[in-house]
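Q: Residue numbering for the sequence shown is 35 to 285, as defined by the working numbering.
If you're looking for bench data, these hints aren't it; they were derived computationally from the structure.
Careful, some of the hints might be misleading.
Calculated lysine-lysine pairs in the DSBU-like style (CA-CA distance at most 35 Å, straight line) [said to hold, decoys possible]:
1) Lys-175 - Lys-150
2) Lys-140 - Lys-164
3) Lys-104 - Lys-164
4) Lys-150 - Lys-140
5) Lys-140 - Lys-104
6) Lys-150 - Lys-164
7) Lys-175 - Lys-104
8) Lys-175 - Lys-160
9) Lys-175 - Lys-140
10) Lys-160 - Lys-140
11) Lys-150 - Lys-160
12) Lys-104 - Lys-160
13) Lys-164 - Lys-175
If you anchor each label on the Cβ, the simulated ranges turn out as follows [claimed, not checked]:
14) Ile-102 - Asp-186: 30 to 36 Å
15) Asp-238 - Arg-142: 24 to 30 Å
16) Pro-177 - Phe-139: 30 to 36 Å
17) Arg-229 - Leu-183: 23 to 29 Å
Just so it is clear, CB atoms sit at the ideal spot from N, CA and C, and this is done for glycine as well.
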Amino acid sequence: LSLFGAANLRSTMLAATHALLLSQYHCPPSCHNNELGELLDRFCSDKGTFWQSKHHYHTAYHSVFGSIRKGVRSILEVGIGEDTAPSVAAWTEYFPNAQIFPVDFKSRQGFDDRAKPGGATAGVAKHQAKFGCVYNASMWKHPRVHLTLDTDASEPAQLQRIPNLPELLDIIIDDGSHRFHDQETMLLTLWPRLRPGGFYVVEDVLVGALPWDENHAKQVSAQFWRSAAQFGALLGAILATRRRLLLSPGA
């Protein structure tokens with residue numbers, strides 16, 4: 035075998051071994067136990083069971099969305115993670131009729147440069163392939179995927195400029211900076227774009243220093259209980275408002 039052929043064979047064998055192990059052993063929460071978990075693991079998403087943070091969010095997501103996923107028409111997710119965007123790839127398959135709107139702080143120029151042959155994105159995909167994962171590069175040309183970059187989710191004006199969004203969204207997922215105050219800002223800004231009966235998800239509500247932002251401890255830790263109370267009161271008021279809208283005649 036050539037070096038190229040040997041590398042391909044090794045990658046294929048690793049992927050097959052990974053799939054076989056997951057199919058033979060039932061070990062929730064350490065293995066995926068539903069269709070969404072399989073997709074998240076296939077694309078190396080930390081929402082799944084084994085990649086990086088191993089959040090196992092598939093269990094919660096599938097319990098909520100599993101029975102309605104074919105009826106979902108629009109999803110906005112802030113934060114794509116690696117340029118291989120594992121969760122975007124998973125959502126595209128899991129919600130077969132939905133328009134997917136991924137949004138990220140990354141620059142378009144940097145994203146495109148890394149995506150060039152032999153660039154950093156290829157390196158990430160090669161590393162993920164060692165664990166049996168797949169990079170679905172074709173999703174960026176998929177007619178249902180609408181990527182928006184150069185967007186700071188902590189700036190309401192930038193969130194409001196996301197192009198081509200429908201007037202109301204079925205699902206909004208905040209997987210962005212994980213900074214508490216950014217999450218507040220996003221909720222205030224994007225909640226009016228959520229349709230009545232839709233779902234707004236905030237992933238990873240954290241306090242203290244973050245690996246990528248030590249100042250977060252100063253922003254949140256000393257003020258956390260006051261901020262948490264404000265956040266809870268804000269969310270309660272918004273939910274009450276939405277409830278009135280749902281119950282109002284002709285709403």
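Q: With reference to the structure, classify each hint as holding or not holding.
A: Taking the hints in turn, this is what the structure says about them:
1. Lys-175 - Lys-150: 15 Å, holds
2. Lys-140 - Lys-164: Given that 35 Å is the threshold and the Cα spacing comes to 26 Å, the pair holds.
3. Lys-104 - Lys-164: Answer holds: Lys-104 to Lys-164 is near 32 Å, not above 35 Å.
4. Lys-150 - Lys-140: 16 Å, holds
5. Lys-140 - Lys-104: Holds, at roughly 30 Å.
6. Lys-150 - Lys-164: It holds: about 21 Å lies between the C-alpha atoms, which stays within 35 Å.
7. Lys-175 - Lys-104: 21 Å, holds
8. Lys-175 - Lys-160: 21 Å, holds
9. Lys-175 - Lys-140: 18 Å, holds
10. Lys-160 - Lys-140: With a Cα-Cα distance of about 21 Å, the restraint between Lys-160 and Lys-140 holds, given a limit of 35 Å.
11. Lys-150 - Lys-160: Holds - the C-alpha atoms of Lys-160 and Lys-150 are around 14 Å apart, at most 35 Å.
12. Lys-104 - Lys-160: 32 Å, holds
13. Lys-164 - Lys-175: The given pair, whose Cα atoms are some 25 Å apart, holds under the 35 Å limit.
14. Ile-102 - Asp-186: 30 to 36 Å: Holds - the Cβ-Cβ distance for Ile-102 and Asp-186, about 32 Å, lies within 30 to 36 Å.
15. Asp-238 - Arg-142: 24 to 30 Å: 25 Å, holds
16. Pro-177 - Phe-139: 30 to 36 Å: 25 Å Cβ-Cβ, so the 30 to 36 Å window is violated.
17. Arg-229 - Leu-183: 23 to 29 Å: 25 Å, holds
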